[in-house]
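Start from the sequences, fold in the hints, and give me the full structure.
Order-wise, the sequence lines are chains A and B.
Mind the numbering: the first sequence is residues 1 to 416 in our numbering, read in order.
Mind the numbering: the second sequence is residues 1 to 92 in our numbering, read in order.
Among the hints, a few may not be true.
To give an idea of the chain A side of the interface with chain B (calculated C-beta under 7 Å), a few residues [stated by the list, open to error]:
#1 240
#2 241
#3 245
#4 298
#5 299
#6 301
#7 307
#8 309
#9 342
By construction, these hints were calculated from the structure, which means they are not laboratory data.
We treat Cβ as the ideally placed atom computed from N, Cα and C, and that holds for glycine.
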Amino acid sequence: MRYSAFSVLLNGLRGNRNWASAWRQPEAKSHYDVIIVGGGGHGLATAYYLAKEFGITNVAVLEKNYVGSGNVGRNTTIIRSNYLLPGNNPFYELSMKLWEGLEQDFNFNAMVSQRGVLNLYHSDAQRDAYTRRGNTMRLHGVDAELLNREAVHKMLPFLDFDNARFPIQGGLLQRRGGTVRHDAVAWGYARGADSRGVDIIQNCEVTGIRLETGHVTGVETSRGFIGCNTLALAAAGNSSQVAEMAGLKLPIESHVLQAFVSEGLKPFIDGVVTFGAGHFYVSQSDKGGLVFGGDLDGYNSYAQRGNLATVEHVAEAGKAMIPALSRVRVLRSWGGIMDMSMDGSPIIDRTPIDNLYLNAGWCYGGFKATPGSGYCFAHLIARGTPQETAAAFRLDRFQRGYLIDEKGQGAQPNLH
Amino acid sequence: MASLVPCPHCGQRPKEEFTIKGAALTRPAAGADASDWFDYVYLRDNPRGAYEEYWHHTSGCRRWIVLTRDTVTHEVAASRDAADRPRSEART
Numbered sequence: 001m002r003y004s005a006f007s008v009l010l011n012g013l014r015g016n017r018n019w020a021s022a023w024r025q026p027e028a029k030s031h032y033d034v035i036i037v038g039g040g041g042h043g044l045a046t047a048y049y050l051a052k053e054f055g056i057t058n059v060a061v062l063e064k065n066y067v068g069s070g071n072v073g074r075n076t077t078i079i080r081s082n083y084l085l086p087g088n089n090p091f092y093e094l095s096m097k098l099w100e101g102l103e104q105d106f107n108f109n110a111m112v113s114q115r116g117v118l119n120l121y122h123s124d125a126q127r128d129a130y131t132r133r134g135n136t137m138r139l140h141g142v143d144a145e146l147l148n149r150e151a152v153h154k155m156l157p158f159l160d161f162d163n164a165r166f167p168i169q170g171g172l173l174q175r176r177g178g179t180v181r182h183d184a185v186a187w188g189y190a191r192g193a194d195s196r197g198v199d200i201i202q203n204c205e206v207t208g209i210r211l212e213t214g215h216v217t218g219v220e221t222s223r224g225f226i227g228c229n230t231l232a233l234a235a236a237g238n239s240s241q242v243a244e245m246a247g248l249k250l251p252i253e254s255h256v257l258q259a260f261v262s263e264g265l266k267p268f269i270d271g272v273v274t275f276g277a278g279h280f281y282v283s284q285s286d287k288g289g290l291v292f293g294g295d296l297d298g299y300n301s302y303a304q305r306g307n308l309a310t311v312e313h314v315a316e317a318g319k320a321m322i323p324a325l326s327r328v329r330v331l332r333s334w335g336g337i338m339d340m341s342m343d344g345s346p347i348i349d350r351t352p353i354d355n356l357y358l359n360a361g362w363c364y365g366g367f368k369a370t371p372g373s374g375y376c377f378a379h380l381i382a383r384g385t386p387q388e389t390a391a392a393f394r395l396d397r398f399q400r401g402y403l404i405d406e407k408g409q410g411a412q413p414n415l416h
Numbered sequence: 001m002a003s004l005v006p007c008p009h010c011g012q013r014p015k016e017e018f019t020i021k022g023a024a025l026t027r028p029a030a031g032a033d034a035s036d037w038f039d040y041v042y043l044r045d046n047p048r049g050a051y052e053e054y055w056h057h058t059s060g061c062r063r064w065i066v067l068t069r070d071t072v073t074h075e076v077a078a079s080r081d082a083a084d085r086p087r088s089e090a091r092t
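This is how it looks when you write it as structure tokens:
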């Protein structure tokens, strides 16, 4: 069924009793052309673009839990393409362009809202660094505006401009950045892939990868063996675990990142604002809750929950930026497991095993990359060559010395 | 992760006092192959379960400690001074 204003009206008048399921609940076939491990945003987007753009429809997406139960439902919903390095910038801009046409493309309301992403700067040195990044973005055809203190004050008068330690001098604004309803992204891609023949198999955990003479023949799952010609891994925080089933050791550590949402407030913050003197970012959801987050907890973790010390740190950074936050009550907090790569940038590549492909290492930038990641991974699987904007995301770049270290932190995943 | 972390010298201390380095790996000899160094610097087992890692008691005794911690339950099974780690385990 195609969704439209008319179908919403008609079904509303009929008491919303006639909506069909957005996707099927099929039994797994014994063999597929492509199996994608991980029914999160990236896995579903990969399946969608494989079917829609590259004509490969005999595809299964295996999800150990339910669609949207992992990081695609656990992030702070921000999209942006304000990257500095040449390996990253064109890719994230491709992703941004896909976001801009996404809802029409997959006929689902993902509430893509380009409300602007503002990075605050607090010193002359930071202004210079932001100027450089903004200029680099513009050279790549991405929008960027450097705002002075007055311009930021006009937008967000309630920020702590005269903070004794971190006075706000201005900010770098990407107006095309914004937020997206994260669950709807998973649902939209799932529906779009399913309607083109992709089988989405939930509650199906991959427990082993069957290899014969260095070639993947299929996967062992909690629902039995399923054969495939090509295996694609998009398991985010569990990438190391899945890759280990094929004997691969990845340049990845799994870390927990927390996010928070406050009680609903009247309209307060219309865009996304990030603190430049600490790690804190905040936006306001359409329901009114402030959605915010900060740094990783810092220790390796597979538990989807964090530590109070980090909660306190995030709250302090938030209050340093917006003093009024001190009276806001936090409604919920949660944790997601990030696949932190050794240089802070992702991997979309083949592996040493011929028909095994890897999509991992998204650190905590995975959500904004969802469409681009799906498109480029599908391109790689279908054509065998990297999509041009994702050509730098190679698995062997660490060995060759071609790191893409946006933050310049070195091989220390908990600092990226 | 519990909010208190055991230090072999100071007892249970708040987590904020520590800096986390990460995996307690065996450092290759200075003249080891580039592939050994690549493995040491970039590749991780990233296990689900027991994990040994270096923590620094930055705001306490300033000693490096080796914590044996579970990455799923976050329980700390052991905490010892890094100097007590057998040299053969710390370096080849």
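Structure-based check of all given hints:
1. 240: holds (4 Å)
2. 241: This hint holds: residue 241 (chain A) lies near chain B, its Cβ roughly 6 Å from the closest one there, short of 7 Å.
3. 245: With Cβ-Cβ at 12 Å, over 7 Å, it is violated.
4. 298: holds (5 Å)
5. 299: holds (5 Å)
6. 301: OK, holds: residue 301 (chain A) within 7 Å of chain B, min 6 Å.
7. 307: holds (4 Å)
8. 309: holds (5 Å)
9. 342: At about 5 Å, which falls below the 7 Å cut-off, the nearest Cβ of chain B leaves the hint on residue 342 (chain A) intact, so it holds.
Going down the numbered hints, you'll see the structure goes against just number 3.
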